[in-house]
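Engineer: Sequence:
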Amino acid sequence: MRKLIGLGVSAVILGLLYASLDTEGLARAIHATDTNWLIAGILFVIPLSLLTAWRFSSLVDNRISFLESNRLILAASTLNLFLPSKLGDLAKGHVMSKRHGMDTGLSYATVVLEKALDMMSLLLWGVFGLIVVGLDRPAMLLFLLPVAGLCIVLLLLILPLRILPFILETFGKVMPGKVRRIIEKSAASWQLVSETFWQRPTHAISVIALSVVIWGAHLFQFWLFSQALHGNVPILENAAFATLSILVGLLPFTFAGVGTRDAAIIFFYAPYLSPESAALLGILATLRYVIPAIAGAPFVGDFIGLVRSGKKKTT
Numbered sequence: 001m002r003k004l005i006g007l008g009v010s011a012v013i014l015g016l017l018y019a020s021l022d023t024e025g026l027a028r029a030i031h032a033t034d035t036n037w038l039i040a041g042i043l044f045v046i047p048l049s050l051l052t053a054w055r056f057s058s059l060v061d062n063r064i065s066f067l068e069s070n071r072l073i074l075a076a077s078t079l080n081l082f083l084p085s086k087l088g089d090l091a092k093g094h095v096m097s098k099r100h101g102m103d104t105g106l107s108y109a110t111v112v113l114e115k116a117l118d119m120m121s122l123l124l125w126g127v128f129g130l131i132v133v134g135l136d137r138p139a140m141l142l143f144l145l146p147v148a149g150l151c152i153v154l155l156l157l158i159l160p161l162r163i164l165p166f167i168l169e170t171f172g173k174v175m176p177g178k179v180r181r182i183i184e185k186s187a188a189s190w191q192l193v194s195e196t197f198w199q200r201p202t203h204a205i206s207v208i209a210l211s212v213v214i215w216g217a218h219l220f221q222f223w224l225f226s227q228a229l230h231g232n233v234p235i236l237e238n239a240a241f242a243t244l245s246i247l248v249g250l251l252p253f254t255f256a257g258v259g260t261r262d263a264a265i266i267f268f269y270a271p272y273l274s275p276e277s278a279a280l281l282g283i284l285a286t287l288r289y290v291i292p293a294i295a296g297a298p299f300v301g302d303f304i305g306l307v308r309s310g311k312k313k314t315t
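First residue of the sequence shown: 1, per the numbering used here; consecutive thereafter.
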């Protein structure tokens with residue numbers, strides 16, 4: 001039901017956006033698209049997926065093969081299109097627990113750590129980009145405080161400082177029995193995954209560095225698409241615009257960010273792209289999620305079978 005509401009909201013926002021565009025201008029923007037840059041941007045999905053799979057395999061200390069990691073990453077991409085709040089990513093935790101014998105709490109905490117690394121890395125690039133953009137457009141610096149603030153918070157949670165377990169344990173003390181036990185178990189799982197992650201500091205730092213590289217590559221893909229649309233956006237300014245657009249797309253009331261992300265792209269890229277060209281960039285930004293989701297579709301059935309077999313064992 002929530003996805004249907006989100007789909008409806010996305011349809012309304014897109015309808016309003018495209019109603020405001022010049023039809024002939026949109027046709028000209030499509031016709032003028034540089035095919036070489038466009039193909040480069042689309043094919044960039046491949047190294048992005050491979051790097052993400054390599055990072056996940058490293059994150060779980062090579063408990064799974066690189067091939068299996070790819071399967072999990074792609075299947076999660078498929079599920080994320082249909083499940084709310086990126087719950088498809090939690091599927092990786094389920095598989096790690098049921099198929100590969102990883103402790104259930106630890107497997108889900110690992111997925112949460114992966115998402116924290118993703119968000120922290122994205123925000124870090126956004127900070128760099130906003131500083132550059134703010135030199136010429138001081139109003140953009142208004143976004144710097146929340147972006148930098150959240151980046152610092154996530155970094156502190158990732159570091160082995162026992163901040164999150166302390167917060168969870170403190171919060172759990174005022175909760176009723178069952179909820180308190182769940183919170184305490186979550187705190188213990190996070191503490192365990194943090195200790196495991198930082199057991200080899202060099203390895204942990206390399207995974208963090210790889211995460212930053214991956215999200216630099218994600219934003220570079222936006223830049224490739226903008227080049228296809230003749231935007232000539234400076235790379236670091238593109239990092240700021242793309243980061244903010246992705247963050248807006250994470251708002252939970254649309255379908256996979258469609259509509260809100262498109263509106264943000266039209267707004268932030270306005271100095272370099274016409275509304276019609278920016279609308280095309282919005283479509284290409286959505287394509288970044290659709291292509292891995294299509295590639296992951298063959299692996300979803302296997303995951304669903306694993307869930308069903310797990311249920312049978314518990315009955």
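Keep in mind that the hints are not guaranteed to be accurate.
What the hints assert, rightly or not - Restricting the straight-line Cα-Cα distance to at most 30 Å, the calculated cross-link-like pairs of lysine-lysine (DSSO-like) are:
id, residue 1, residue 2
1, K173, K115
2, K115, K178
3, K178, K98
4, K173, K185
5, K115, K98
6, K185, K98
7, K115, K185
As the list claims (entries may be wrong) - Pairwise CB distance ranges, derived in the manner of DEER restraints:
id, residue 1, residue 2, range
8, D22, T170, 13 to 23 Å
9, P138, N62, 41 to 51 Å
10, L287, R137, 36 to 46 Å
11, H203, H31, 45 to 55 Å
12, R137, P298, 38 to 48 Å
13, V179, F128, 18 to 28 Å
14, K173, N36, 10 to 20 Å
15, P298, H100, 15 to 25 Å
16, A148, V179, 30 to 40 Å
17, H100, N36, 17 to 27 Å
18, I205, L21, 41 to 51 Å
19, G101, R137, 50 to 60 Å
Quick caveat, the hints were computed from the structure, so don't treat them as lab data.
Ideal Cβ positions, reconstructed from N, Cα and C, are used throughout, including at glycine.
Engineer: Indicate, hint by hint, whether the structure satisfies it.
Structural biologist: Quick rundown of the hints versus the structure:
1. Proposed proximity of K173 and K115 is supported: the alpha carbons are some 27 Å apart, at most 30 Å.
2. This hinted pair checks out: K115 and K178 have alpha carbons roughly 26 Å apart, not beyond 30 Å.
3. For a cut-off of 30 Å, the pair hint linking K178 to K98 stands: about 24 Å separates their Cα positions.
4. A threshold of 30 Å between alpha carbons decides the hint, and for K173 with K185 the separation of about 13 Å falls inside it, so the pair holds.
5. A distance of roughly 21 Å separates the Cα atoms of K115 and K98; the hinted pair therefore holds under the 30 Å criterion.
6. Restraint check: the Cα-Cα separation between K185 and K98 comes to about 18 Å, which is no more than 30 Å; the hinted pair holds.
7. A C-alpha spacing of about 19 Å is found between K115 and K185, which places the hinted pair at or below 30 Å, so the restraint holds.
8. For D22 and T170, the Cβ-Cβ distance of about 55 Å falls outside the hinted range of 13 to 23 Å, so the restraint is violated.
9. In this structure the supplied range 41 to 51 Å holds for P138 paired with N62, their Cβ-Cβ distance being about 47 Å.
10. Range check, L287 to R137: about 28 Å between beta-carbon atoms, so the 36 to 46 Å window is missed.
11. For the hinted restraint 45 to 55 Å between H203 and H31, the CB-CB distance of approximately 50 Å keeps it satisfied.
12. Separated by about 45 Å at the C-beta atoms, R137 and P298 satisfy the suggested range of 38 to 48 Å.
13. One distance hint, 18 to 28 Å for the beta-carbon pair V179 and F128, is violated here, with the actual separation near 40 Å.
14. Separated by about 60 Å at the C-beta atoms, K173 and N36 break the suggested range of 10 to 20 Å.
15. For the hinted restraint 15 to 25 Å between P298 and H100, the CB-CB distance of approximately 20 Å keeps it satisfied.
16. Between A148 and V179 the CB atoms are about 33 Å apart, so this pair conforms to the stated range of 30 to 40 Å.
17. Judged by the Cβ atoms, the range 17 to 27 Å given for H100 and N36 is violated: they are separated by roughly 42 Å.
18. I205 and L21 have their C-beta atoms about 46 Å apart, which keeps the hinted 41 to 51 Å range intact.
19. Between G101 and R137, the C-beta spacing of about 52 Å keeps the proposed range 50 to 60 Å intact.
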